[in-house]
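Here's the letter readout for the chains.
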Amino acid sequence: MTRTVRLVVFGAGAAVVGILGVLAILVLPAFGGPAHAYRDAAVPAAVAHGTSNAVSSINFDLRGLDTFGEETIFLTSVVVIAVVLRSASDETEQRKKSAGRPLDSTVFGGLLFFPIILIVGLDVVTHGHLTPGGGFQGGVILGTGIHLLYVAGTYRLLERVRPVRPFEWSEAIGAGAFACLGISGLLLGASFLANVIPVGSFGTLFSAGTVPLLNGVVGVEVASGVVVLLSKFFEQAITVRPAHRRAAKTDDKSSSPRER
Amino acid sequence: MVTFDHGAAALVPLAVAGPIVVACILLVAGRSVPRLAVDVTAIAAALAEAGLLAYLLSSAAGGRLVTWVAGWTPHHGYSVGIVLVVDPLGAGIALLAACLTAIALLFSTRYFESIEAHYHALILLFLSGMVGLSLTADLFNMFVFFELMGAAAYGLTAVQIEDESALQGGLNFGIVNSLGAYISLTGLGFLFARTGSVGLPQLQTGLAHHRPDALVIAAFVLVLTGFLVKGALVPFHFWLADAHAVAPAPVCVLFSGVMVPLGIYAAFRIYWAVFAPVLPLGDVRRTFLVLGALTAVVGSIMSLTQRHFKRMLAYSTIAHAGLFVVALACLSVAGTAGALLYVAGHAGVKGALFLIAGVMLSRYGSVDELALYGAGRGQKAMGWLLVAGALALAGLPPFGTALGKAVAEDAGSAAGYGWVPVLFVAVSALTAGAILRVAARVYWGLGPKPVEWSQARSSGNVGEPETRLQRLPVTMVIAIGTLLVGALVMGLLPGLHSVANRAAASFTDSAGYANQALHNVHELVAAPVTPNWTGLGLGLGFLSAGCACLVAVAGLYGSRLVKFLPGLRAFRSPIDLLHRLHSGHVGDYVAFMMVGIAALAAFVGLPLR
Amino acid sequence: MSHYAYFVAGWLIVIGALGIVRSRNLVQAIVCLAVAQSGTYVLLLSVGYQWGAAPPLFSEPATKPTLHVVDPLVQAMTLTDIVVSATVTSMLLAIAIQIHKRTGSIDPDELDALRG
Numbered sequence: 001m002t003r004t005v006r007l008v009v010f011g012a013g014a015a016v017v018g019i020l021g022v023l024a025i026l027v028l029p030a031f032g033g034p035a036h037a038y039r040d041a042a043v044p045a046a047v048a049h050g051t052s053n054a055v056s057s058i059n060f061d062l063r064g065l066d067t068f069g070e071e072t073i074f075l076t077s078v079v080v081i082a083v084v085l086r087s088a089s090d091e092t093e094q095r096k097k098s099a100g101r102p103l104d105s106t107v108f109g110g111l112l113f114f115p116i117i118l119i120v121g122l123d124v125v126t127h128g129h130l131t132p133g134g135g136f137q138g139g140v141i142l143g144t145g146i147h148l149l150y151v152a153g154t155y156r157l158l159e160r161v162r163p164v165r166p167f168e169w170s171e172a173i174g175a176g177a178f179a180c181l182g183i184s185g186l187l188l189g190a191s192f193l194a195n196v197i198p199v200g201s202f203g204t205l206f207s208a209g210t211v212p213l214l215n216g217v218v219g220v221e222v223a224s225g226v227v228v229l230l231s232k233f234f235e236q237a238i239t240v241r242p243a244h245r246r247a248a249k250t251d252d253k254s255s256s257p258r259e260r
Numbered sequence: 001m002v003t004f005d006h007g008a009a010a011l012v013p014l015a016v017a018g019p020i021v022v023a024c025i026l027l028v029a030g031r032s033v034p035r036l037a038v039d040v041t042a043i044a045a046a047l048a049e050a051g052l053l054a055y056l057l058s059s060a061a062g063g064r065l066v067t068w069v070a071g072w073t074p075h076h077g078y079s080v081g082i083v084l085v086v087d088p089l090g091a092g093i094a095l096l097a098a099c100l101t102a103i104a105l106l107f108s109t110r111y112f113e114s115i116e117a118h119y120h121a122l123i124l125l126f127l128s129g130m131v132g133l134s135l136t137a138d139l140f141n142m143f144v145f146f147e148l149m150g151a152a153a154y155g156l157t158a159v160q161i162e163d164e165s166a167l168q169g170g171l172n173f174g175i176v177n178s179l180g181a182y183i184s185l186t187g188l189g190f191l192f193a194r195t196g197s198v199g200l201p202q203l204q205t206g207l208a209h210h211r212p213d214a215l216v217i218a219a220f221v222l223v224l225t226g227f228l229v230k231g232a233l234v235p236f237h238f239w240l241a242d243a244h245a246v247a248p249a250p251v252c253v254l255f256s257g258v259m260v261p262l263g264i265y266a267a268f269r270i271y272w273a274v275f276a277p278v279l280p281l282g283d284v285r286r287t288f289l290v291l292g293a294l295t296a297v298v299g300s301i302m303s304l305t306q307r308h309f310k311r312m313l314a315y316s317t318i319a320h321a322g323l324f325v326v327a328l329a330c331l332s333v334a335g336t337a338g339a340l341l342y343v344a345g346h347a348g349v350k351g352a353l354f355l356i357a358g359v360m361l362s363r364y365g366s367v368d369e370l371a372l373y374g375a376g377r378g379q380k381a382m383g384w385l386l387v388a389g390a391l392a393l394a395g396l397p398p399f400g401t402a403l404g405k406a407v408a409e410d411a412g413s414a415a416g417y418g419w420v421p422v423l424f425v426a427v428s429a430l431t432a433g434a435i436l437r438v439a440a441r442v443y444w445g446l447g448p449k450p451v452e453w454s455q456a457r458s459s460g461n462v463g464e465p466e467t468r469l470q471r472l473p474v475t476m477v478i479a480i481g482t483l484l485v486g487a488l489v490m491g492l493l494p495g496l497h498s499v500a501n502r503a504a505a506s507f508t509d510s511a512g513y514a515n516q517a518l519h520n521v522h523e524l525v526a527a528p529v530t531p532n533w534t535g536l537g538l539g540l541g542f543l544s545a546g547c548a549c550l551v552a553v554a555g556l557y558g559s560r561l562v563k564f565l566p567g568l569r570a571f572r573s574p575i576d577l578l579h580r581l582h583s584g585h586v587g588d589y590v591a592f593m594m595v596g597i598a599a600l601a602a603f604v605g606l607p608l609r
Numbered sequence: 001m002s003h004y005a006y007f008v009a010g011w012l013i014v015i016g017a018l019g020i021v022r023s024r025n026l027v028q029a030i031v032c033l034a035v036a037q038s039g040t041y042v043l044l045l046s047v048g049y050q051w052g053a054a055p056p057l058f059s060e061p062a063t064k065p066t067l068h069v070v071d072p073l074v075q076a077m078t079l080t081d082i083v084v085s086a087t088v089t090s091m092l093l094a095i096a097i098q099i100h101k102r103t104g105s106i107d108p109d110e111l112d113a114l115r116g
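The listed protein sequences derive, respectively, from chains A, B and C. Using the working numbering, the first residue of the first sequence is number 1, and each one after it goes up by one. Using the working numbering, the first residue of the second sequence is number 1, and each one after it goes up by one. Using the working numbering, the first residue of the third sequence is number 1, and each one after it goes up by one.
Looking at chain A on its own, in the form it has when it is part of the complex (with noise of 0.2 Å):
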């Protein structure tokens, strides 16, 4: 279809179900309201558990599966990162000579933030029962904070730290132990993914039963998986060459004017 064409069909189909849109909002709840029945049950049950994080007993303790299943889905993606950022057949690596250095003040911040950095983000792992946080949030404070290393340093200097096939692994363990500690809940006698660790004292770093637990394995796996998913992108940008370039298709329309 036509630029036209199809700018006119989507307006057609979205002008009808804006209208349903707008007649469904205009009956909602107002904004703000006081009525949350779900909130009403979940609250007492939370902190029943021992957990002082709300939000962080829904995600591991309530409604666990939700989250088993959302960081299955982290591990998928970042295996199909890796299977359609991989080499191919026709492809070499090169290393380019580095050309400059940062400058010394990017060096400096880099090197005093970056062990505060992961201090942060694995505090934020290991309080997320506590306080806002938890294993997704932390680990890709940690993920991305170790790349400071090739922010304020060389490219060759991130390599020699993170060595990829470790934090593949560490991504698949983790992944795998959220589904072991879900499992031992079921041989325990419980159920899937039950809490079934003492709950301890609340408000302290050893209560909430298996919530820090899990937040700690998705911690791994979530900042394992961010060093592994970036590095494929580095990859790309920085030491694959491809066999072939074609010519960019787009050098000989940019003089030609663009349909309105």
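Think of the hints as simulated: they come from the structure by calculation, not from any bench. Keep in mind the model is a prediction, meaning the values are calculated, not measured. Do not rely on the hints blindly, as some may be mistaken.
Rough simulated footprint, nothing fancy, chain A against chain C, three-plus residues with beta-carbon under 8 Å [unchecked claim]:
| no. | stretch |
| --- | --- |
| 1 | 30-39 |
| 2 | 52-62 |
| 3 | 95-105 |
Simulated restraints, written as ranges between beta carbons of each label pair [said to hold, decoys possible]:
| no. | chain 1 | residue 1 | chain 2 | residue 2 | range |
| --- | --- | --- | --- | --- | --- |
| 4 | C | Val27 | B | Trp384 | 43 to 51 Å |
| 5 | C | Leu67 | B | Glu162 | 56 to 64 Å |
| 6 | B | Leu36 | C | Thr63 | 53 to 61 Å |
| 7 | B | Arg580 | A | Thr144 | 43 to 51 Å |
| 8 | C | Leu67 | B | Arg580 | 56 to 64 Å |
We put the beta carbon where it would ideally sit given N, CA and C, even for glycine.
Following the hints, complete the assembly by docking chains B and C onto the known chain A.
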């Protein structure tokens, strides 16, 4: 309140977690062990999963299995946890998924010359997503497993990265299906705002006894959109042909056999579990009969006029998906039973056809009907297998497809729609006739040399085969044979129709579903005991097979036919336009998706103004 | 307006879809997909909000903890949603990179390997 259940119900989450654990093991150890070990582990995992699901199916035969994950059972009819409800139909689809996965992995052992353990891990993760979607009764959980299926599927489609069409197909697939899933999530948000829960039984309780207002209609339309995109209902279907044309053959077996029917299953599961007591039956029935029939017609026309064999099979899947929707749209026990049987038979037959297409690609380096004219003259055995598959697809008794088709046709006419059997016969004949035509051209060299008549069609000369075969490996023959024999045996099993009736009765029993999940009330619904075959069903099956042969003959000698009937030439232009609409451009697909949501809204909403 | 937040959510979804339809660049299309999804975050979080309520964090155990907190379920669902979005976006971007390497173009109008 936390209580734990015992017995079969406690094992249900294991069916989801099991393949994931094996996938993780393969990801860690896959590079250090030989390829044979990886293949065997993956196949063993799929077979173990099938065994577990067969056990769950037999336990569920006496009534649904209900388990609240982590023990969060309901208190006064309300619960904060996630519920998994295993009824015979859900367990049956999950079992089908596991069996097809094992066969696809068996075929892959020799189909791919060199492939990493990542492929096997993705297939197992895909399996766990499919099993999770079939067994769960919580809408947000359905979204999560739907996305898991999607993530693995996008990767499996784009696995042949040297082929630019594979990448484009994977991208179109990814963008369209993800957008559909996000739209479903919007509907979920509306439902949560109204009822305060996301579990299907709780949603039913929350929506019951209220008038269906704009919010309920919007929620119905939006929630179903994502699943109907996966189920390839027109006009959400454009991504399917692209994805199937470029994904490797064993992956297409899973896509056509289980993934597309799962989208339709999820849509109707949500309807029966949540919306059936609220929305008027007649409106919903009319909506899906019309859209299903349209899907079947568009799919069969596109399939008939293709030259790319895998694309032809993909459009045939779309056509049959339309037929499944028509059968389910009768909103009766008989229609649902027919759809279930038809899905099972179709999975075996379509899977075998895709594997044959894979063999064709490996042997000849192409799946183009025009380029391969006469290329297969030496391999008649494969030709006969293709003919058998095509006739099975047409509905030749006693294949399972014929049984399902007969039951569905009967349900349609019993519901008062006499055109349903006509549609079924016509669509099966057209799609199967196209495949017979391909078999005749490629393996027997019949008919005059074909010519290209439309520049809008894809040629089948894209892509490099994964391996070049001289002799056909035993594993591939076993895989194809198992699928065809399985479909054949289906129609010969005594009492299968009654089993399907019981599964359908459980599926359509909305009140029982909610009562058992929330209040632990066990009530067995009566289901009619019917013989497998009726005279009319057998007759229509042979009629379809015969018409398929006629369609094939007309296709082979069609150019001579046009000389006698010049009126046929008038069809060329609209068909060409239809081909041009399937442009491969993701912007077109999203535009049509919006039109589709509008159509659903109009069909369901306007009668309720 | 007591429903403003919901209209913002709906607008984001529609404008994201429009972006994909109009786009001449695959990376832009993929980011528009992420914009459409951010509409769902806004919708979910708005559904769970309550004026003047506290975050769902508790400092001491109580048999009847205060219920004057915002709904934690929508926050948990949004967290899951964000992870799904990030993973899907990164997968699609990886495919887009490979498309550019293979065909030299990233314009959907110029990708013609699949049609009919």
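Give me the numbers of the hints this structure contradicts, sorted from smallest to largest. Checked against the structure, the only hint that fails is number 1, while the rest are satisfied.
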